[in-house]
Structure formats: C-alpha cells, structure tokens
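Peer 1: The hints should help you fit chain B onto chain A, whose structure is shown.
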Amino acid sequence: MRIPRDAILPSLFALVLALGVLLPLLMMVTISLNPNEQDIMVSMGSIRSFIPQVFSLQNYIEVWTDPVHPFGRYLANTALITFSTLILSILFNSMAAFVLAQGTLAIRKPVMILILATLAVPGESLVLPQLMMAGWLGQIDSYQVQIVPGVANAMSIFLFYQFFSRLPKELIEAARIDGFSFFQIYRHVAMPLSKPVISAIAVLQFLEIWNAYLWPVMVTRGPEYRPLSVAMSAYFGTNQAAWGNIMAFAVSMAVPVILFFLILQRQFIASVMSSGVKG
Amino acid sequence: MRIRTKGQGQELAMLLPALIFITALIVVPFLLSVWFSFTDQRLVPRPIPTKFIGATNYERMLVDPLFWQAIWNTVLFALIVTPVQLAMSLGAALILNSAIPFRGFFRSVAILPLLLPMTVIVSIWAVLFRIPSGPFNAVYQWFAGQGAYVDFLGNPSTAMLSVVALSAWATFPYQMLIYLAGLQDIPQDLYEASKLDGAKAWQRFRYVTWPGLRNVNIFLIIITTVGALKLFTQVDILTKGGPNGATTTIIHYLFKQGYATQKVGYASAVAVFFFLAVTAIALLQRRFLKNEGEA
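Sequence order for the protein chains is A and B. Per the UniProt record's numbering, residue 1 is the first one in the first sequence, and the count goes up by one each step. Per the UniProt record's numbering, residue 1 is the first one in the second sequence, and the count goes up by one each step.
Same shape as in the complex, but just chain B:
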C-alpha cells in the first residue's frame, strides 16, 4: 500500500481542480439557492439583515398569476416546439440521408443556423416579422390583400407561435445531425430485406426506420423538452416577455424577479421549483417512453 501513496497523491491532484470547480460553482450555489428561497435575500444588501421567512416565498409564488402564466407559456412552448422541431429535424435528416446530388453542400447549408449565435438569429427574424411590410407580412398580403398584416410579435395570440418558429429554425440542425447518426446506425440489410418483401417507401419508414430510431427519439424528446423549458434569450431580446406577459417564460420570470427587481429570495424559490419540475419531467418522460417502447 505504501508504494501506492505517491500515485494516489498524483491522482488527488488531478481530481481536485475539477472537484473544486464543481463544488464551488454548482453544489454551493445550489445549496445557497435552497437557503435563499426561505429568506428575504436581496441582490444588493440592505441595512436590515436578511432573515429566515419560512415558506413565504413559495406561498407568494403560488398565488402570483404571472408565475402561473409563465409556467403555462413555458409548457405551451415546450409542447409545441418539441414535436415541430423534431419533425423538421427528422424530415431534414431523411432528405440528407437519401441519395441526392450535392449532398455535402446541402448538409453544410442545413447546419448553418446551428452556427449562428442566437442574438444574430433573433435580429434576422425581427426583420422577417416586421410590420406592416416585412417578408412574412408580404407573403400574408398576397393572400389577405393589400394593407392587411399580422402583428406577429405584438399580438398575444401569435407572439408565442412566432417564438416557436424562430426557435425551431434556430436549433433544428442539432437534432437533425443526431437523427442522421441514428439513420446511419440502422443496418442496410434491413432495408434490402424489406425491399425484397415488396415494402413501399412509407412501409419501410414505418417498419424499419421508425423502430430503428427508437432510442434516438427517446433521447431527443427528453433533451429537446428540457432545452425548451429553459427558453430565455429569444424572448428577452425579441419581446421582453410581452405583449401582456404572453411570452414570459419561467426563466424570464426568474430573471425579472431576481435580477431586475432584485428579489433574490423570491426568485430562488422559483429556481428551486424550476429545478424540481425539470428533473421530474425528464424522469417521467424517460420512464414513460421506455415503457411505451417495450409494451
């Protein structure tokens, strides 16, 4: 055992930096946010000392209509964007996996949105959404006639859908590449065999491709949903959570409460709730999707 001591000292020296970082920047903040959530902690210290106030923050949170609106908006966004984006990604992957000419070129083009910073994408889409005569409205006027327009971002009933469209466009290439990897993992002889059996293209998709992507689908549904629940950048730049709270998401609400109005204690209660909700949703999805596949 003595011989090992030097080696173990070296191991410890290699392990410690990352362990210190994880502890100081994840574990400690996590514990702090649980603690803050039971206090009236402010961002900038006040003369009156911070005190323990029990579950008051949670009680206040649960009766704030804007909190519930933020949850509803976030859930709505996740419920719409996940299937839309995954359908886009799978469609694009199927196209790029087929024997088309210039496949390399098309693939490079399709990954471009992933490389663009979200702030750049938001500014481009701000032009697309412009009223009264941005490109989308120009197309709308073709159908609805001169002078008609949709206030995509200013109207509460279209604002969230606009954010969905932007977000799906912005990040679909990531899921597309993972679908491509999944498609390439499906053994070719399965396709050969089903062709010999006279299966049509749709049947090959239904009975070979789709089951072959099962694990990829489970993985992507979970990460896309979890990613969607964190929606912040797009709405902060584009709509500031408006109009009328229509695009306020949980993270935007947390940011507003904790940073803009400096109520760290209250916002920490939101953060703890968010952590529990995301974990629960990811676990439920995993369990549900796995069982579904096996049944």
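Only chain A is shown next, with the shape it has when bound in the complex:
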C-alpha cells in the first residue's frame, strides 16, 4: 500500500498512539498466559512480558474455578445489574421526557426545572444518604440496591427531552387525528424514531454501570451480589503476588465488553460523538 507524502507523519503518530494503547494490553495478555509466577516476576519489564512465550490457560482455569471468588457469579451479577438498570432507565426516562416535551400537563414546567436542577448534583455527594436509606429499608447487599439508583438519571431524561422536543409537531398531530392516544404516540411514533438517541444513552449508561465502583463497594458484603468491578479490586487486593491470575481475571473481565462494543462499533462511536455539543 502506498502512503501519500503528507500522510507519512500522521501515520507515524498513529502508530505511536496505537502502540501506547496496545502495549499495556499486550502485557496483560502475555502475563495472563504465563503459569509461572516466578518467571513473571523475573521477566517483568523485559521484552518477554510483552510477547507470549507460553500459551497456558492455567491462570484462567484457576480464576474461573476459584471457590472464594466465583467469577461466573460476578459476571452474571454484573450483567443482571447492568441490563436491568438500562431497561428500566430507558423505559421510565423516555416516557417522562416525552410527557415533558409533548404533553399538556401543567406541572411540566416545575418538573423540568427540578430535572435541570438535579443535573447539577454529583452522584458522589449523595452516596451516604442513599446508603442510610438503603439500610433503613433493609436493602443492603441485594440486586435492587444496585439497580434502582441508576434508574434515577436526570441526564437521560434531559437527552430524551432534547430529542423529543425536536419531533415535528405535524407528526404528533397526525397521529392524534388518527386516534392514537398519548401513550400510543410515544410507543408507536416517538420511540421508533429515537433509535439513535436510545443507543447513545444506552452506551453511555452501560459504561457507567459496568464501571460503577464507589456505590457497589458500599452496598455489597460478599460474593453473592458483588459485581465484577468490586470483585476485581478485592481479588487484586488479596492476591498481590499472583500477577498471572490477576491478569487472567482482568482479561476475562475485559473481553466480553470489548467484543460487545467491537460488534457495535459504529453505533458506539456515533453515540459517544453525539453526546457532545455541536459547534
């Protein structure tokens, strides 16, 4: 392949960028495939920790069958929490946003002001009272306690609102004349049109929940309801010397997300891009 002259320098930079991202990941994979902890320590920092010398799945088998840290359970917990939150959040927040954008209720304005005000509140400043409330309701260490707070998402309402308020008035009016109820307009007119905004919100919230750490650390006590992110840090904290196993844990945790997003890559990139402001 011939590279045009003014693309040579950018191509070199692109190579540097790719190496900067890939080398640490290559190291993670290489170490995870090496069953010999001693050898990992000796070769750490040399080229051998970046190019696999052995291909052993022993670390992976140890991680997946560890009775103290049930990897499968953590993965299932994370998936359940993530998808439940996403479904409830998209359903409730899009419905509310549609009312705010196209409805006739008199309380729309005060509600909108409330939503905009809550946008400014950083979630981190609410974790302690939320924890107290979860304790009062006896919900500590459960799935609900990890799902429900993610559903209350003012940002999601706001993004849906922006989209719904730009829907052409004639479209809504035509559906109304055809005898659609308000809910039917939402269900059969607005939602089918909002696939791009749904995927944008879903992608951003997916990453947020999959990465959640502060809240799950506080509300989970043991492996039963613990998500992967907390399990990973607990594993990391208790197996400091077992780098092969830690890296196998890391790869096992990273691969499902990476695959998921590489398959949906175009939507993913478009989603993140559209979450910014337009110039």
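Source of the hints: derived by calculation from the structure; they are not laboratory data. Note that the structure is a prediction, hence the values are computed from the model and not measured. Beta carbons are placed, not taken as given, at the ideal position from N, Cα and C, and that holds for glycine.
From the structure, some residues in chain B lie toward chain A, with a derived Cβ separation under 8 Å:
{"#": "1", "residue": "GLN8"}
{"#": "2", "residue": "LEU25"}
{"#": "3", "residue": "PHE36"}
{"#": "4", "residue": "ILE95"}
{"#": "5", "residue": "PRO101"}
{"#": "6", "residue": "PHE106"}
{"#": "7", "residue": "VAL109"}
{"#": "8", "residue": "THR119"}
{"#": "9", "residue": "PRO135"}
{"#": "10", "residue": "ILE178"}
{"#": "11", "residue": "PHE255"}
{"#": "12", "residue": "TYR259"}
{"#": "13", "residue": "SER268"}
Peer 2: Then chain B, alone, in the frame of chain A:
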C-alpha cells in the same frame, strides 16, 4: 377540557415513575445530606439519639489538615489532568481525522481504553509501575543505570503524577471522540480557502481548526474538570489515598469519613461542600470561557 382528562391521566402515569425515582433517589438524599451535615449522624445507629449540632461539622472540617490536603490534591489533579488529557485527546483526534491508511483500525484501537473497566486498567498499570523492575522502571534504568528505580506509587512526590498518567490513558478516548465530532463539523471549504491563501498546516490549525473547536473545548474543559474532581476509584484501589495522604482526594476523604469511620454527619458536611464547589467551578468556567471567546 373534560375530553383531555383521560389523556392527562395517561400523561401523569407516564411521568410519575421517573419523577418518583428522581425524588426518592436524588432530591430526598440531597435534602438528607444537608440535614445530616448539621447533626452527629452515624452510619450504624447508636443508643444515644442523633442530635442537631449546628455548624460544628463544618467548623471541624475547616480545621482538619487532611481535609485541606484532600482539596489541594483534588485541585492539583484536576489542574494537571485536564490539560494533559485534552491535549492527548485533541492530538489523537487530529491524527485519526487525517488521511492515514487503516484509519478504521487505528480508531478502534484508540477507543479500547474507554471500554476497559477502571479496575482492569488499574491492575495493568500496577504492573507498569512495579518496583524495582516494572516496565516503566526498566525504561528508567536505561537512562539512570542498573539498580536505579522510581517508587512511582510509594513516593508522595510521584504518586499523584502516576495517577494522572493512568487516568489520562484510561479516559482520553471519550474526549477524543467528541473532538473528532467537532473536527468533522468544521466546514471543509474553510480549509480549502485557507490552502488557496497559502496557509501552512500550523496556520490552518491556528486560524481554522482551533476557533472551530471553541464550543467543543468549552464543553470538554468543563466536563473533564468536573470528572477529575470526582477522582476516587483509581486512588482507592491503587494507593488507598497514600502515601502519607498524597493521593487522598475529596471523594476518598468523604468515603473514609462517612463509610470507613462511619461519621455520616461529618462526611455529609464534606458532601455539601463538594456539591457547592463543583457547581461553583462549573459555573465560573462556563462564564469565564464564554466571555473569553467573545472578547
């Protein structure tokens, strides 16, 4: 008006679930934390009832040296990571926006860190930072000689910078994608025109690209700063706020006070302070940056 009643009932039914969630999980906790901040509330109830203690928590907070250290660390982190990360993101976006071969491949590679959970990234970087012979120290030994090493995470003067490097690597693709969107919004004919006028690459960047990214920059500076002020996960796993408090951030301090030592009342004062500080900084930045651009 009567005809409307049924429709309005439906509207209310659609609005209520989200409204209840927002009220119960944001508004009520927010009010609770303001209330707690004036009491001696504990995480686990004690036999002695919780009582109102006025501004005592705030007074104690303002004289705790660790609180000020946490603020200083957080501000320092935000001040360093925001320009570093935005420069990285813009650089990467410019590269990926130019006519390079395998652009799709490079773009997929560049977004990878965004897809990795922070806990995974922290464990990878823990290896990179290893003493005495992790990869970074191996490079250092090339220059400083055999046996020399830097205790990146154990030395108070390098610990925060190490967290900056990790964090910038971990999250730059988000800003990069938004810069890419911004770059693609700049009309191509502006570049054509400036080329005809004989503008060099640097001049095209200075007079076309940079002004064209103005709104994107304002947006990214604000969200990156606000995100940086919330730093917690990385330091909790990697350094536990140490060494010697060098990486204790406001949220880590709040977590330690409210959760580990269970002083919810006191930690709520920190939370209220944090909320006010973040809001003030975001508002100030917006005002300052907007005016700057218009002047």
